[in-house]
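Protein chains: 2
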Amino acid sequence: MTIALYDLAGKDGRCFSPYCWRARMALAHKGLDFEVRETGFTDIGAVADGASRTLPVIDDNGWIVAESMDIALYLEKTHPDAPSLFGGEGGVAAARFIDAFALANLMPVIVRMCVKDIHDALQAKDQPYFRESREKRFGATLEEVQAGREARIDALHDALTPLRMMLKRQPWIGGDSPLYTDYIVFGALQWPRVASPFPMLKPDDPVAEWFARGLALYDGLGERMPAAA
Amino acid sequence: MTIALYDLAGKDGRCFSPYCWRARMALAHKGLDFEVRETGFTDIGAVADGASRTLPVIDDNGWIVAESMDIALYLEKTHPDAPSLFGGEGGVAAARFIDAFALANLMPVIVRMCVKDIHDALQAKDQPYFRESREKRFGATLEEVQAGREARIDALHDALTPLRMMLKRQPWIGGDSPLYTDYIVFGALQWPRVASPFPMLKPDDPVAEWFARGLALYDGLGERMPAAA
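Taken in order, these protein sequences are the chains called A and B. When you line the first sequence up against the numbering used here, it's residues 1 to 229, in that order. When you line the second sequence up against the numbering used here, it's residues 1 to 229, in that order.
Possibly wrong hints are sitting among the right ones.
Because identical chains share one entry, a pair is satisfied inside a single copy or across any pair of copies.
To be verified - Once the Cα atoms are required to be at most 35 Å apart in a straight line, the calculated DSBU-like pairs of lysine-lysine come out as:
id, residue 1, residue 2
1, K136, K168
2, K77, K202
3, K116, K11
4, K116, K136
5, K125, K11
6, K125, K77
7, K30, K136
8, K136, K77
9, K116, K77
10, K11, K136
11, K202, K11
12, K30, K77
13, K202, K30
14, K168, K77
15, K30, K168
16, K202, K168
These are calculated hints, taken from the structure and not from any lab test.
So here's chain A without its partners, still in its complex pose:
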């Protein structure tokens, strides 16, 4: 039976959440049927009787699982015969390091280049909550945070150096084929692709080529979500 994925949705069904993309790619990786339930920021509390303060949440015929990593582990356990998301226990452990790498080194740089664009991509009813909570977090207006981003694109390029170096040796973080570790970093880059017109990757960067391969996976699952214009 179809699994429901509660995914954060902006205007026009625009889903950009980096964590929800991890879950969406993980479901596709396992070859599972799933149905996206578009959810606004201010509707998260109503999902599955308030099961989680954040998305993604999946409802697998009554089994509710929140948090992208927990969802991936749940899918790995419940679908052991489908392609592995981790390639063994060492891959699970390393995914926690790569998660921390994305959270510490990539996402803070990215969000400061697109937080106002994310705001503008939200449903109108979610915009006041987003502005208030993020401006409190940054101690500045969304406009101030995002201003001068052209000068900060090199910082993202630098932060992606480990991935770029690794790509000389293998085409995916998972090795010859993608694993959940790829979806962690993919989600961090799909986020601005869908929410912001500002280009984050230089076209001739091997990381851009890896990201394009990620967009094409599973019949273009990532690509079918239109890029922000």
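We have chain A already, so just place chain B on it with the hints.
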């Protein structure tokens, strides 16, 4: 039969090479008997009939293997029943990312804080080669590169953020117990511990606690190599 490990040696048998420490820890992880053959920088060309321009090299009763990652993969393949170094194919693939992380984000910061100390820890006969090759690489004298390092310790602290964040979730990069991924980062920190008196880690840093656990592994294999005074 005992495996020979050709390890880079400075004065008084002081072995600090980050790559050789990966191999040493990997051999111990597999529970293998090995014998360290101390080798100066300028003697590497004579090891195993010039098999490699770099160390470590192992000689497993005639099988010569160079490059720390290739040594770990060789040991994993030849000793499948000993504790795994990777925890599956996903762990092997992720190790290449973590290797790139260490090479891009940690080692350049570390070397600039101890390159003159490394020089001084070398055997006298190796010092001219080291000075000439490194000064050419950095475009500055060793003294100039190392100067002002006190102001750069925070950059290393920042570069270790992903590991520090991950340690909130699990005690090793390998999960509940160490894997080769831990030895990659361990080697990067054992390097200055053995070669330089300059303290790289703040004592209350969870990374310092993780490193101390690494030093204690295998009957204190890392700890038995004295810290630079």
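Check your understanding: Failing hints, ascending?
Key -> 2, 6, 7, 8, 9
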